[in-house]
Amino acid sequence: MNIILIAVLALGGIGLVSAVILYFVASKFKVYEDPKIDEVEEILPSANCGGCGFPGCRAFAEATVKKAKDEKNLEGLFCPVGGNEVMQKVGETLELEIEAKDPMIAVVRCNGSHANSPEKVKYEGVTSCSFAHALYAGEGGCQFGCLGLGDCVDACEFDAIHMSDERGLPEVNDKCTACGACVEACPRDIIELRKRGPKEKRIFVSCVNKEKGAVAIKNCSVACIGCGKCEKVCEFDAITITDFLSYINFDKCKLCRKCVEVCPTNSIWEVNFKPRKPKAEKVPKKEPDKIKPAAEGKVAIENNDDNKSKPGEDRK
Amino acid sequence: MNMFTVSGSPHVHGEYSTPKIMYGVVIAMIPAMLVSVWYFGLDAVRVLVLAAAASIFFEWVIQKYLIKGAVTITDGSALVTGILLAFNVPSNLPSWMVIVGALVAIGMAKMSFGGLGKNVFNPALVARVFLLISFPVEMTSWPKPHALSKGFADVITGPTPLGIVKEGLRSGKTMQELKPELPNYIQDLIGQMGGSMGEVSAVAILLGGLYMLWKKIITWHIPVAVLGTVFLFTGILWGFKPESYADPLFHLLTGGLMLGAIFMATDMVTSPMTHGGQLLFGAGVGILTVLIRVWGAYPEGVSFAILLMNAVVPLINRGFKPKRFGDNPGVKIEA
Amino acid sequence: MGLLKTFKLGGVHPAENKISAQVPIEVLPLPKKVFVPMGQNLGAPSKPLVKKGDEVKTGQLIATAGGFIGSNIHSPVSGKVFKIDVVPDSSGFRRPAVIINVDGDEWMDDIDRSNDIVREIKATPEEIINKVKDAGIVGMGGATFPTQVKLTPPPGKTAEFLIINGVECEPYLTADHRVMMERGEELLIGTHILMRALKVAKGFIGIENNKPDAIAHLTKLAKDYQGIEIVPLKVKYPQGGEKQLIKAVVNREVPSGKLPIEVGCVVQNVGTTLAVYEAVQKNKPLFERVVTVTGKALSKPSNFLVRIGTPIGELVEAAGGLPDDTGKVIGGGPMMGKSLLSMDIPVVKGTSGILLMKRAESHRKPEQSCIRCSKCTYVCPMGLEPYLLSRVSKLGKFDYAEKERIMDCIECGSCQYTCPAAIPLLDYLRLGKNKTGQIIRSRNKK
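Chains as they are written, first to last, in our numbering: chain Y, 27 to 342; chain P, 3 to 337; chain A, 40 to 485.
Think of the hints as simulated: they come from the structure by calculation, not from any bench.
Mixed in with the good hints, there may be bad ones.
Capping the alpha-carbon separation at 27 Å, the derived lysine-lysine pairs in DSS-like fashion look like this [stated by the list, open to error]: (1) 334/P - 71/A; (2) 225/Y - 115/Y; (3) 397/A - 93/Y; (4) 244/Y - 91/A; (5) 146/Y - 335/A; (6) 244/Y - 258/Y; (7) 146/Y - 71/A; (8) 244/Y - 241/A; (9) 485/A - 217/P; (10) 146/Y - 397/A; (11) 86/A - 236/Y; (12) 241/A - 334/P.
Just chain Y, same shape as in the assembly (with noise of 0.2 Å):
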């Protein structure tokens, strides 16, 4: 019984007296935290993407907080995973009004596939776009086209990209929280953040070839030429063509979908459009089984859950 005592007793006192110096200790080096920045960290999606600029949710928090209450607003910081509904909730919480924002997504700007530029070498080597875009060209000649081997299918955390094995690019799926991690894995600048635009529709020219169009349509059948057509006919002002290339303004495009119609290699796609009434005549220029880019486009953006296909054969 007197050793059971002495144990209690004993234990006892060591905690009683831990307790007491941790709690003297705690009080004394405690760290003041604006209690504001545990309320923001909470309406946060707890995603840790680093897609807002900071290195985490708590970052992020942190810096809403102290801009805030320096400035009164909220310039420059969105979290793009939880959108324009986060953004409002940590508005509230900080008492201040925020302008929604247009939801963006990321868009691959290639559509070099297996069979619109087919392979002219057989490339062997790590499955690293980065490495491979230093070593060489490209499989089918486009020195700017996508290699296929999946540094932004890597980089994603959102599982919202995958290698589509058929065409060999990159599709994007309704999950994509525009971070922006693929964009910056890409060592050719293929991938853009877009507005995803009214019903998921947008316009874009999927091409970032900027050599001459005789070059560039020599190595894919869908290369942009730089004809400049689409900047002719755009009555928005939102294409313009810099070297042979064609960019459409996402902010000035009204989507009215001319520029698709008049591009002669078929260079600019339309996502998730109504099929058009069928014209007489327009034959197509290039192989018949060349998949149209409106069709295309309602397969890229459909949920590819079962989709954890591999790029090439040496994917680990």
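Knowing the structure of chain Y, use the given hints to seat chains P and A on it.
Chains P and A alone, transformed into the frame defined by chain Y:
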């Protein structure tokens, strides 16, 4: 149309390949396999075949059905583990225990760490220690060597020479008194002593070691460090008090030291990457072996010594880096 | 003779396959069109001087250096400039080039076309360096570093030794070997010229022991050339790497991140030295070079004297035509050469050879698990740990890679050559070097 291949340099490859290395080790183990069959008869064949087959089988099952990845049983690494496991157990071990050993070696010590190249501990030794602790009686009844003609039933078991020394010294005898009970050096060399299947013949193991050195599968650093350290320390002890300590040559030739130094400690996956690190590793194995043999509870300490040093290998790799080119210019450099 | 010198750390012994070693240099007939790229040197690309329609003569200046680290380019043919357009380089990227339609072979008047060997060196060191610069000479071993920059040590550093790289450690290549055999005396005069430019008294010519005829020939000739020592070396790859060569010949190690001048040495390739002789003694700028065309399936392995800008398809045709069994076309040797995408690529100043590989030898073995055998560490000539560097490069830990000296890697390929598990170590190392280099550059900018 003939399409060219594009890849980064180099565009040629040398002659080494993983199967070549693994099967080279298997060939190096053939002398020891033959000796064990000679001394322990059909039992040895049973244990060898079972251990090898079970190891390969378990690797196949785990890779195909559990991991659902690539099946790599043809690279020879499971075969090597199986044979080494067989070398570490007595030849009269019941079959089901051999199979359990194979499962522990492949499943627990190799696959659960991530497969070939990712394990920290030597799989055959993990299995051996597991069996030793789980089945101490069966794992320490060592058959005395008998001719091939004798069948299974006539096996006589007894302690190993190290066991005799341990028990004898504990019960107060001196080394000189124990001498008549122990095999002489020649018997130690060629294997006429009790022990596990692989440890008995030092000559067979040395032959295998020389083959591996020739084929550049191992380098001399680890075996020399292990054997040298054991020789040194037991020599010092024996020099002080010959009646209480066995002489160094006895220590070198008995027990699993030869097998451990040449086949187990040199396992590439679980040993250090630089020569300096390998020497330290070998010395550590040697010291620990001597400690356990002389002052520890077990008569044999090589398995534990190697496993303990395996745990330290990542730290050794951190500390021992190769000599860098350019750190010693050979001429004064103006700042 | 005693033990042959060599570098101590690492190295491998790939099969030598010097099948064209005894084939004398043959002048390749002129092509109909040449494509002269503007980017033929390390550093800034050159700026074209001519435009469409201009008439040019062989040896005429057609492009000027694009910067301090740049070099002039001279027309390799006479004819009319067809256009200035983009042409694929050895990686398949299209780069600007001057395309000339060949018409006859009229050389510039000031070039001495005779075969007489000019022994007396009249130029001063400054004149030599200027002539080298004007002639557009770059390192012809493959690095294509502008030679005039190498001959001008930075302030505070002086050269003590000149080392001529006659090692040619890459399997299959024999261009330097043939130059040593057939233009030996010009080579020695070129060595003396370089020694004068650098103001050094001692020059070495390092030659691997698989070229005994070259060693004997040059040793005999060198008796008349004071200060030049022929050094036979043990055959080991990558002995031709300048750091390894310096270690082998004068036993000095270039420190990490520094240049050979730091230990008082300057290394020049045999082809470069010959070009220097021709520029200084014959007023001939650099517009042609010896290229080895080789391969086990090729019917006529050869060493051709080729004008810059000739499409490699023409060389292969002259060597017997592209064999059916060709899986890879390599510009350079099999250890460090680049695999080419097509036969339209032009010969440039750094093209030492064209190697055609059979299909069976062109494919990589599938990658397996690392078995931690550390053979890669044993063979690395820079004392690095390729298994570790490739692992951390794959994982993206570039600060750790930098600490483990990934930037010291000379990309020789010994590690990948040796790896039993066929891991593409050099691919990962290059990836790591690339990314680490970017990080270092952006850090230095701040």
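Okay, the hints, checked on the actual structure:
| no. | hint | result |
| --- | --- | --- |
| 1 | 334/P - 71/A | violated (55 Å) |
| 2 | 225/Y - 115/Y | holds (24 Å) |
| 3 | 397/A - 93/Y | violated (65 Å) |
| 4 | 244/Y - 91/A | holds (24 Å) |
| 5 | 146/Y - 335/A | holds (24 Å) |
| 6 | 244/Y - 258/Y | holds (25 Å) |
| 7 | 146/Y - 71/A | holds (26 Å) |
| 8 | 244/Y - 241/A | violated (55 Å) |
| 9 | 485/A - 217/P | violated (52 Å) |
| 10 | 146/Y - 397/A | holds (18 Å) |
| 11 | 86/A - 236/Y | holds (21 Å) |
| 12 | 241/A - 334/P | holds (19 Å) |
Of the numbered hints stated above, those contradicted by the structure are hints 1, 3, 8 and 9, listed in ascending order.
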